[in-house]
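Undergrad: Sequence:
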Amino acid sequence: MKQRKTIAQQIAAKLYKQIHDENKYSIGEKLPTERDLVDEFNVSRNSVREAIKILATKGIVTVRHGSGIYVHDVNFQNGFDSLRKKSLELNNIYEFRIIYEPEIARLATQRATNEEIQQIIQCAEEIVTLVDANEPYYKKDEEFHSLIAKATHNDVIIELVPLIMSFVVSGILISNANGGVQISSNNAREGHMAIAKFIAARDEMGAYSAMRIHLEINQKFIREVNNL
Numbered sequence: 001m002k003q004r005k006t007i008a009q010q011i012a013a014k015l016y017k018q019i020h021d022e023n024k025y026s027i028g029e030k031l032p033t034e035r036d037l038v039d040e041f042n043v044s045r046n047s048v049r050e051a052i053k054i055l056a057t058k059g060i061v062t063v064r065h066g067s068g069i070y071v072h073d074v075n076f077q078n079g080f081d082s083l084r085k086k087s088l089e090l091n092n093i094y095e096f097r098i099i100y101e102p103e104i105a106r107l108a109t110q111r112a113t114n115e116e117i118q119q120i121i122q123c124a125e126e127i128v129t130l131v132d133a134n135e136p137y138y139k140k141d142e143e144f145h146s147l148i149a150k151a152t153h154n155d156v157i158i159e160l161v162p163l164i165m166s167f168v169v170s171g172i173l174i175s176n177a178n179g180g181v182q183i184s185s186n187n188a189r190e191g192h193m194a195i196a197k198f199i200a201a202r203d204e205m206g207a208y209s210a211m212r213i214h215l216e217i218n219q220k221f222i223r224e225v226n227n228l
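The sequence shown begins at 1 in UniProt numbering and counts up one residue at a time.
Worth flagging that the hints you see were computed from the coordinates, not collected in a lab.
Do not take every clue at face value.
Claimed, not checked - Below, computed lysine to aspartate or glutamate pairings styled on DMTMM-like, alpha-carbon distance capped at 20 Å:
hint: 1; residue 1: K24; residue 2: E34
hint: 2; residue 1: K220; residue 2: E190
hint: 3; residue 1: K17; residue 2: E34
hint: 4; residue 1: K150; residue 2: E224
hint: 5; residue 1: K150; residue 2: E115
hint: 6; residue 1: K14; residue 2: E40
Unchecked claim - Now the in silico label distances, taken between C-beta atoms and shown as ranges:
hint: 7; residue 1: N134; residue 2: N91; range: 26 to 32 Å
hint: 8; residue 1: R111; residue 2: M193; range: 18 to 24 Å
hint: 9; residue 1: I98; residue 2: V156; range: 14 to 20 Å
hint: 10; residue 1: N186; residue 2: V156; range: 31 to 37 Å
hint: 11; residue 1: R223; residue 2: S44; range: 36 to 42 Å
hint: 12; residue 1: M205; residue 2: E29; range: 42 to 48 Å
hint: 13; residue 1: H153; residue 2: D36; range: 47 to 53 Å
hint: 14; residue 1: I98; residue 2: T33; range: 21 to 27 Å
hint: 15; residue 1: K220; residue 2: E22; range: 36 to 42 Å
hint: 16; residue 1: I98; residue 2: G68; range: 32 to 38 Å
hint: 17; residue 1: M193; residue 2: N91; range: 23 to 29 Å
Small disclaimer: the values here were computed from a predicted structure and weren't measured.
Note that the Cβ used here is the ideal one computed from N, Cα and C, for glycine as well.
Just need the whole structure built from these sequences, with the hints factored in.
TA: So this is what it looks like as structure tokens:
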């Protein structure tokens, strides 16, 4: 078992090099099938599957059941050894977002037009659909938080949207890279819908609390992983 794990790690490192250093596969491109990878590396299918799992938990590839294995955005990565540093930075990002975004949700609840509320609800529903289908939902997650910020009708908050959006996807990917795929997915499915429902109900404190809980779940995981 130990030998098989070592082989899987070697395959994962080779695939990572092909993606990150050699640019053999581009972002969003489909990787060869398991059978093709078995032939390429002359190893067992189990070893290939374990290697893919390693890459998936690090946010380097996305496995779409019934479709294949796709390269994810690895620009935030700087090799396998950078995860702890990135996680420490992410904890600081979550501290900022927990101070900032619950109040944005409260203001959006107060000021959003009915049309904007419908857009927020629809976006939350689309995230649920993507999560349940095991499809990448990161861009929709970005859109959800952006819609809420814009619904505040506060020019300063809207100007800061690109900054916040730069944190959203990296937060998900770094959490996933630390083994938090299931936590991130569950939180995406349940957290966004809860926030959207409170906004639709014009419940300011409900939206504030739901947003805070949504962010704290991911921060708690990162802190536990890194013993912070």
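Undergrad: Determine for every hint whether it applies to the structure shown.
TA: Hints, one by one, checked against the model:
Between K24 and E34 the alpha-carbon distance is near 17 Å, which keeps this suggested pair within the 20 Å criterion. Of the pairs offered as hints, the one joining K220 and E190 holds, with about 16 Å between alpha carbons and a cut-off of 20 Å not exceeded. Between the alpha carbons of K17 and E34 the distance comes to roughly 18 Å, so the proposed pair stays at or under 20 Å and holds. Only pairs whose Cα atoms come within 20 Å are accepted, and K150 paired with E224 is rejected, the gap being roughly 33 Å.
Proximity of K150 to E115 is assessed by CA-CA distance (about 12 Å); at most 20 Å being required, the pair is judged to hold. For the proposed pair K14 and E40, the alpha carbon gap of about 11 Å is at most 20 Å, so the pair holds. Roughly 27 Å separates the CB atoms of N134 and N91, a value that falls within the hinted 26 to 32 Å. Distance hint for R111 and M193: a CB-CB separation of about 21 Å, consistent with the stated range 18 to 24 Å.
With their beta carbons about 19 Å apart, I98 and V156 fall inside the hinted range of 14 to 20 Å. Separation of N186 from V156 is about 33 Å and conforms to the stated range, judged on CB atoms against 31 to 37 Å. The hinted range of 36 to 42 Å is satisfied by R223 and S44, whose Cβ atoms lie roughly 38 Å apart. The given range of 42 to 48 Å is respected by M205 and E29, whose C-beta atoms sit roughly 45 Å from each other.
Separated by about 52 Å at the C-beta atoms, H153 and D36 satisfy the suggested range of 47 to 53 Å. In this structure, I98 and T33 break the distance hint of 21 to 27 Å, their C-beta atoms being roughly 42 Å apart. At about 37 Å, the beta-carbon gap between K220 and E22 stays in the expected band of 36 to 42 Å. Taken as a hint, the range 32 to 38 Å holds for the pair I98 and G68, whose Cβ atoms sit roughly 37 Å apart.
Distance hint check for M193 and N91: the Cβ-Cβ separation is about 26 Å, which falls inside the suggested range of 23 to 29 Å.
The structure shown violates the earlier hints numbered 4 and 14.
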